[in-house]
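Keeping the supplied structure of chain X fixed, place chain L upon it in accordance with the hints.
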Amino acid sequence: DGGITQSPKYLFRKEGQNVTLSCEQNLNHDAMYWYRQDPGQGLRLIYYSQIVNDFQKGDIAEGYSVSREKKESFPLTVTSAQKNPTAFYLCASSTPRRNTEAFFGQGTRLTVV
Amino acid sequence: GQQLNQSPQSMFIQEGEDVSMNCTSSSIFNTWLWYKQDPGEGPVLLIALYKAGELTSNGRLTAQFGITRKDSFLNISASIPSDVGIYFCAGLNTGTASKLTFGTGTRLQVTL
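Line by line, the protein sequences give chains X and L. For the numbering used here, add 1 to where a residue sits in the first sequence, where the first one is 1. For the numbering used here, add 275 to where a residue sits in the second sequence, where the first one is 1.
Because the hints were derived from the structure by calculation, they are not lab data. It is possible that part of the hints are untrue.
Quick list of in silico lysine-lysine cross-link-like pairs, DSS-like style, CA-CA up to 27 Å [said to hold, decoys possible]:
| no. | chain 1 | residue 1 | chain 2 | residue 2 |
| --- | --- | --- | --- | --- |
| 1 | X | Lys10 | X | Lys72 |
| 2 | X | Lys58 | X | Lys15 |
| 3 | X | Lys72 | L | Lys374 |
| 4 | X | Lys71 | L | Lys345 |
| 5 | L | Lys374 | L | Lys345 |
| 6 | X | Lys58 | L | Lys345 |
| 7 | X | Lys84 | X | Lys15 |
| 8 | X | Lys84 | L | Lys345 |
| 9 | X | Lys10 | X | Lys71 |
| 10 | X | Lys58 | L | Lys374 |
| 11 | X | Lys58 | X | Lys84 |
| 12 | X | Lys10 | L | Lys374 |
| 13 | X | Lys10 | X | Lys84 |
| 14 | X | Lys15 | X | Lys72 |
| 15 | L | Lys326 | L | Lys374 |
Here are some, though not all, of the chain X residues that point toward chain L, as calculated from beta-carbon distances under 7 Å [claimed, not checked]:
| no. | residue |
| --- | --- |
| 16 | Leu28 |
| 17 | Tyr34 |
| 18 | Asp39 |
| 19 | Gly43 |
| 20 | Leu44 |
| 21 | Ala103 |
| 22 | Phe105 |
| 23 | Gly106 |
| 24 | Gln107 |
| 25 | Gly108 |
A quick note: this is a predicted structure, and the numbers were derived from the prediction, not measured. The beta carbon of each residue, even a glycine, is placed where N, CA and C say it ideally should be.
One chain only, chain X, in its complex shape (with noise of 0.2 Å):
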């Protein structure tokens, strides 16, 4: 079936590391966006990229990082320079084309210990 496939559901690090989100999908989509949700908040825009070798900053993207290699993948680092790293991060995708939707992953819930 096609989707969108974000690992791990649960991460835990320890302050001053960096880890590295995984974000997978198989629908073919050009467009893939990293959002960043704290409890009982909405969705905040970290990076997004339209195609491949290509990604632009959201609203948030200071102390994280990513790479789009490949049109498949969008994995998202989180630096030891986010202040507040612990928070649940979800992966979206979408094409440019008219009628598009965008789906989600099943996101990443990441605890700093």
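Relative to the frame of chain X, chain L by itself:
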């Protein structure tokens, strides 16, 4: 960054009641999407709208694409306990520089 204004922010309703929520933007979109999120899960797409004035249904859910292209509405008829969750609207302009912009969410709680 821009977030779409969604209202109400939260609502408590009784089972069987109808629910209405809306989403407004300062800029126009050519696609409106409505999602439901359960706790600890990713949002699930409920309805997609592509044309100003369009009215689309999915079971007990009906959504409308506003004529001005700056707003959208979601109605849930005869609510049931499993309707509990957070509902998000999202606007998207396909083509160049497409960026999915989300509403602030409406938290729905249904009492028996």
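Worksheet item: Among all the numbered hints in the text so far, which are the ones the structure does not match?
Response: Of the numbered hints, 4, 8, 14, 16 and 18 do not hold.
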